[in-house]
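These protein sequences, in sequence, are chains A and B. For the first sequence, counting from 1, position 102 maps to 102 in this note's numbering; every step adds exactly one. For any residue, its number in this note's numbering is found by taking its place in the second sequence, counting from 1, and adding 1000.
Possibly wrong hints are sitting among the right ones.
Claimed, not checked - Calculated Cβ distances over 12 Å to all of chain B for the following chain A residues:
hint	residue
1	L40
2	A58
3	P59
4	R95
5	S137
6	M166
What the hints assert, rightly or not - Pairs of lysine-lysine, DSSO-like flavour, derived with a Cα cap of 27 Å:
hint	chain 1	residue 1	chain 2	residue 2
7	A	K169	A	K156
8	A	K169	A	K130
9	B	K1104	A	K42
10	B	K1033	B	K1011
11	A	K156	A	K130
12	A	K147	A	K169
13	B	K1138	A	K42
14	A	K143	A	K169
15	A	K42	B	K1170
16	B	K1033	A	K130
17	B	K1104	B	K1170
18	B	K1369	B	K1104
19	A	K149	A	K138
20	A	K42	B	K1105
21	B	K1011	B	K1044
What the hints assert, rightly or not - Covered, in the sense of this in silico footprint (three residues per stretch, anywhere, with C-beta under 8 Å from a C-beta of chain A), are these stretches of chain B:
hint	region
22	1057-1064
23	1299-1310
24	1367-1379
Calculated from the structure, these hints are not laboratory results. All figures in this text were calculated on a predicted structure; none of them were measured in a lab. Heads up, the beta-carbon is just placed ideally off N, CA and C, and yes, glycines get one too.
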Amino acid sequence: MPKLNILLVDNDPDRSAVVRQALQEVGYHVIANLGDDVNLSKNVFSLQPDIIIIDMDAPGRDTLEQMREIQRGQAKPIILFSAPDDQHFMQEAIRAGVSAYMLEGLNQSQIMPVIEVAMARFREFQTLQKELEDTRSKLAERKVIEKAKGIIMTRKGLDEESAYQMMRKMAMSQNKRLVDLSQAIVSLEDLLG
Amino acid sequence: MQSNTNAVPEKTDLNIGYIPLTDCAPLAIAKEKGFFSAEGLTVKLSRESSWANIRDKVSAGVFDAGHMLAPMPIAAALNLDGLHTPMLTALSLSLGGNAITVSKKLYEKLAEFGQDLSRPLASVSALKQLLAQHQAEKRPPLTLAHVFPFSCHNYLMRYWLASAGIDPDKDVRLVVIPPPLMVNALAAGQIDGFCVGEPWNTQAIANGIGVAVSTGVDIWQGCPEKVLGVTQAWAQHYPNTHQALLRALLNGAVWLENMQNRAEASAILTGHGYVPVEPALLKTFECGEFQFCGTGPVVPVPDFCVFYRHAATFPWVSHADWLIGQMQRWGQIPAGHAVGAVSAQVYRPDLYRQAAHDLGLPYPLADRKTEGSHAQRWWAETESEPISMGGDCFFDQIMPA
């Protein structure tokens, strides 16, 4: 079987690096890794990929739709929408954020493993990113709470533990998250000085 | 006709995808003004970046319905998109709304060949003469952009070009560019002109990058534009939900039709992130006025984009017939591919009439009208008062007396 040439289009460079590596590890040839869709049609014409893996949300997808149009009726169509007639598979791909286009004539058994690898990486990346975001926002929350605690300690002349307990009690009685209460304290302090 | 208003919707939490264009207004208004919730529906509207995305998500059931280009459900029913998921529409979301805008540079060249280039006949004949000159000088073809292979933009632009004997597949290069990227592509000189919906023409014109050479409705009066698309399977599974959705959107369209509500609608569209642009760019939508050229006069264009009057929400089967004709004309439907009764399977006036009936709104009795036969205002027959209709002529045809 000839080696399949894959074109990756993804504006997230970290994610596309991971996907590229994963595809290369299982023996596919990633011919290019495009970060934007500005010259998408030109690039597809010059690179002649067998398969294009593209971020579901890339606006350039509509450009690809037209490219399969142009090829219709000619000897060798470049790309064709690849979603196999499998609703579940398509839903999975959509949830993972992947869409793919392929050379006409490739069969499902050739394309499926490629999309599966891409899908798995996309999903993994999403999970990682979510974890990273959670950690970041927790850190940010922590900072606000610390700052608010500092303000209460100075203003009320309390020690750290008592200031913290006071804030917790207040948050509970107002049915607020501690971080929201802390944010209010910090804002008020900025305002009143 | 029995009322469907007391039927319980089978599903009440819905996801609907839309593209950030002014004509997503009926969806945005139905949500923000409470027409969905009045029907017991909780609708999440999801802003998408491509028509392909909306089509795929509706096909796969991730979305219940989509803001679609009128030809999309037809392409799906004919399996031209290869997804094997036939769709239908029972509601048109808008008529018109597009314009063809060219770069300032191209406009200046066209001006050497014609006058009043805001009219399609004058602008395309100037273009034809310029292309002949370019060909003699062996210059590369001009590049014009539209938004999707199955779009009225594509067909209107091709119709306009072909009317002057310009072959859209040979004499120019047609490309697809997502609407929000259009203006940048024109500014960067990647394209020489485009056919797109609002607010993108206005943006190019306001920035002095482009000049409009025709509106969509000047090519074909009252041309279909966006529809509410669902899969045929979805419509079968959730008939009551579908009716509730149609009623909510009809109420939204009626509300939008009142020009006094447009300033509020405009604030909703730009302020709630539906169309993330400067509010000033929604002037055409807000006031029914259009400025073809940044230095030119502001002219009234009351029918530039119509949401309710002229039976704008009615899914005319004759619209589908015309669109299928264009798909055949330009080779999207291979010769010999049976089209059969597809237009009447995809465009569903029967479902529309049920919803209109339940709201006490008038609805046309005919499924089709003879497109191109009405140059002036006319009246569509209903069970009660007739509906005042706009024209439906093409710019290059000899107007009927």
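Evaluation of the provided hints:
{"no.": "1", "hint": "L40", "result": "10 Å, violated"}
{"no.": "2", "hint": "A58", "result": "7 Å, violated"}
{"no.": "3", "hint": "P59", "result": "4 Å, violated"}
{"no.": "4", "hint": "R95", "result": "8 Å, violated"}
{"no.": "5", "hint": "S137", "result": "21 Å, holds"}
{"no.": "6", "hint": "M166", "result": "39 Å, holds"}
{"no.": "7", "hint": "K169/A to K156/A", "result": "15 Å, holds"}
{"no.": "8", "hint": "K169/A to K130/A", "result": "31 Å, violated"}
{"no.": "9", "hint": "K1104/B to K42/A", "result": "24 Å, holds"}
{"no.": "10", "hint": "K1033/B to K1011/B", "result": "21 Å, holds"}
{"no.": "11", "hint": "K156/A to K130/A", "result": "38 Å, violated"}
{"no.": "12", "hint": "K147/A to K169/A", "result": "17 Å, holds"}
{"no.": "13", "hint": "K1138/B to K42/A", "result": "22 Å, holds"}
{"no.": "14", "hint": "K143/A to K169/A", "result": "19 Å, holds"}
{"no.": "15", "hint": "K42/A to K1170/B", "result": "18 Å, holds"}
{"no.": "16", "hint": "K1033/B to K130/A", "result": "33 Å, violated"}
{"no.": "17", "hint": "K1104/B to K1170/B", "result": "23 Å, holds"}
{"no.": "18", "hint": "K1369/B to K1104/B", "result": "39 Å, violated"}
{"no.": "19", "hint": "K149/A to K138/A", "result": "16 Å, holds"}
{"no.": "20", "hint": "K42/A to K1105/B", "result": "23 Å, holds"}
{"no.": "21", "hint": "K1011/B to K1044/B", "result": "13 Å, holds"}
{"no.": "22", "hint": "1057-1064", "result": "holds (count 5)"}
{"no.": "23", "hint": "1299-1310", "result": "violated (count 0)"}
{"no.": "24", "hint": "1367-1379", "result": "violated (count 0)"}
Hint violations for this structure: numbers 1, 2, 3, 4, 8, 11, 16, 18, 23 and 24, all remaining hints satisfied.
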